[in-house]
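**Student:** Order-wise, the sequence lines are chains A, B, C and D. Position 25 of the first sequence, counted from 1, bears residue number 131 in the working numbering, the numbering being contiguous throughout. Position 41 of the second sequence, counted from 1, bears residue number 147 in the working numbering, the numbering being contiguous throughout. Position 15 of the third sequence, counted from 1, bears residue number 121 in the working numbering, the numbering being contiguous throughout. Position 125 of the fourth sequence, counted from 1, bears residue number 231 in the working numbering, the numbering being contiguous throughout.
Careful, some of the hints might be misleading.
Copies of the same chain look alike in the list, so a pair counts if it works inside one copy or between any two.
Mimicking SDA-like on lysine to any residue, the simulated pairs with C-alpha atoms at most 20 Å apart in a straight line are [unchecked claim]:
hint, residue 1, residue 2
1, K195, H175
2, K195, L207
3, K195, Y118
4, K195, G125
5, K195, S211
6, K195, E165
7, K195, A172
8, K195, Y159
9, K195, G206
10, K195, H216
11, K195, R115
Think of the hints as simulated: they come from the structure by calculation, not from any bench.
4 protein chains.
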Amino acid sequence: MLRHATTYRVIYGDTDQMGVVYYANYLRFFEMGRSALFRHLGLSYREIEARGYVLPVSEASCRYLAPAHYDDVLRIETSLDTSVRAGMKFDYAIRREPDGLILASGQTRHAFMTPEGRVVRPPGFLREWIERLLETP
Amino acid sequence: MLRHATTYRVIYGDTDQMGVVYYANYLRFFEMGRSALFRHLGLSYREIEARGYVLPVSEASCRYLAPAHYDDVLRIETSLDTSVRAGMKFDYAIRREPDGLILASGQTRHAFMTPEGRVVRPPGFLREWIERLLETP
Amino acid sequence: MLRHATTYRVIYGDTDQMGVVYYANYLRFFEMGRSALFRHLGLSYREIEARGYVLPVSEASCRYLAPAHYDDVLRIETSLDTSVRAGMKFDYAIRREPDGLILASGQTRHAFMTPEGRVVRPPGFLREWIERLLETP
Amino acid sequence: MLRHATTYRVIYGDTDQMGVVYYANYLRFFEMGRSALFRHLGLSYREIEARGYVLPVSEASCRYLAPAHYDDVLRIETSLDTSVRAGMKFDYAIRREPDGLILASGQTRHAFMTPEGRVVRPPGFLREWIERLLETP
């Protein structure tokens, strides 16, 4: 249930001279995915920041399975791993539309921090929000 | 005298599938150029910010004369147009090393602002700094 | 008639430490705009390339009127200036949704080239395509 | 011995509104690092391509330990893991100059491919080149 998909169309600026999407840009796609997931679940990342928390990435990884090309419509599937409690962990799959071929998969881990950079425990409002979502049938 | 040059080597991530540097990245090179100019003149942009001013770009333009390729060493020549008083204006030329072929030329204009986004007059310390540089034989 | 609008939501990766969209990224938005215009008019840029032509940017300019922020939905309005015959020229306006505030305006000029980098005259199929669109009531 | 370090100064365009370098950009730094390593070892990536091979990334990962800031000079340390035979694997450490604080570490794995996208065995010239380097006292 804590998953969501959004789409993005590859532009020239995403590609490199190999004729495929440059590998660093998949981490941008991951951000699009988790941002869309937050919005879908009713709590935008902008709001989390407004409440005094930032969620910097502590780890990111990506496996590149097949190249994405210019003008491809990518389907960015994001899910929140609710088993992780200390911070947040997201899993991603990037698929090509319309055939669904999987192009890449990856993960990011995030810590809860104050804007000044101090690591803090997961804020109560976020824990409650996740628990409420998990209970929704 | 208020000019300076710095170099940058093109990476894969700067190119696009046409096999040349993507056009938006020249504006990154321009930033490298003016940042190096500030440092060369003894007043880093970081210090200007520390004194409570930001210099957002109000206009940018670029003419693309010949393409830059992967692994090219670019020479970014930046000069400060000291005839402009209301804000700051920089002129740029991007040349390929070692033959000096000009690849692009451009300009950026900047306003003086507070971090909150209010346009302000050029700060005295910056005016004095420029005048001192201009007087230096 | 030869105009079109598309939207894009700003991600963290588009912003800089001033808390606004980094100036070079507007040129990415311009590309999204003209790419969407081509598709809307029934001739994707991908097809133009497939027919053996590329359209590298020869000039780009942008005026930054008000900053775009994280999570803003941008409306990218693109129009093709059909008075330009030698190459192609596009005009852009970036507006913030939903209030329509104009954030930036700009232009790009493009030459017709072979993939090998030789400048050529506008291909007949493209001229005919534009004329047909202009005649459509 | 198969290691090398290069430096890069962070620009505004690398940062995001959290005031630190955006996480995807570390993968650009990794590319700068391995590209500098290749050149240092006497075989530029450009040459490998000229001989008909590309080395697309099959896996990338990064651990973010401390944030990099605007104007920081980063030291990108890259080493080639010569125990990996099927493709190539690089390890990276990003340190802040001049204090050497480690900001990030990561890895990339690469496959050998033809420009058409067919996976091939490591080319002889590259195996020999690595063996020669390993034997050099």
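**Student:** Each hint should be assessed against the structure and marked as holding or not.
**Tutor:** Now for the hints, and whether the structure bears them out:
no. : hint          : result
1   : K195 <-> H175 : neither (28 Å within a copy, 24 Å between copies)
2   : K195 <-> L207 : neither (24 Å within a copy, 26 Å between copies)
3   : K195 <-> Y118 : between (30 Å within a copy, 18 Å between copies)
4   : K195 <-> G125 : neither (31 Å within a copy, 22 Å between copies)
5   : K195 <-> S211 : both (14 Å within a copy, 19 Å between copies)
6   : K195 <-> E165 : both (9 Å within a copy, 19 Å between copies)
7   : K195 <-> A172 : between (24 Å within a copy, 19 Å between copies)
8   : K195 <-> Y159 : within (16 Å within a copy, 36 Å between copies)
9   : K195 <-> G206 : neither (24 Å within a copy, 29 Å between copies)
10  : K195 <-> H216 : within (6 Å within a copy, 26 Å between copies)
11  : K195 <-> R115 : neither (25 Å within a copy, 23 Å between copies)
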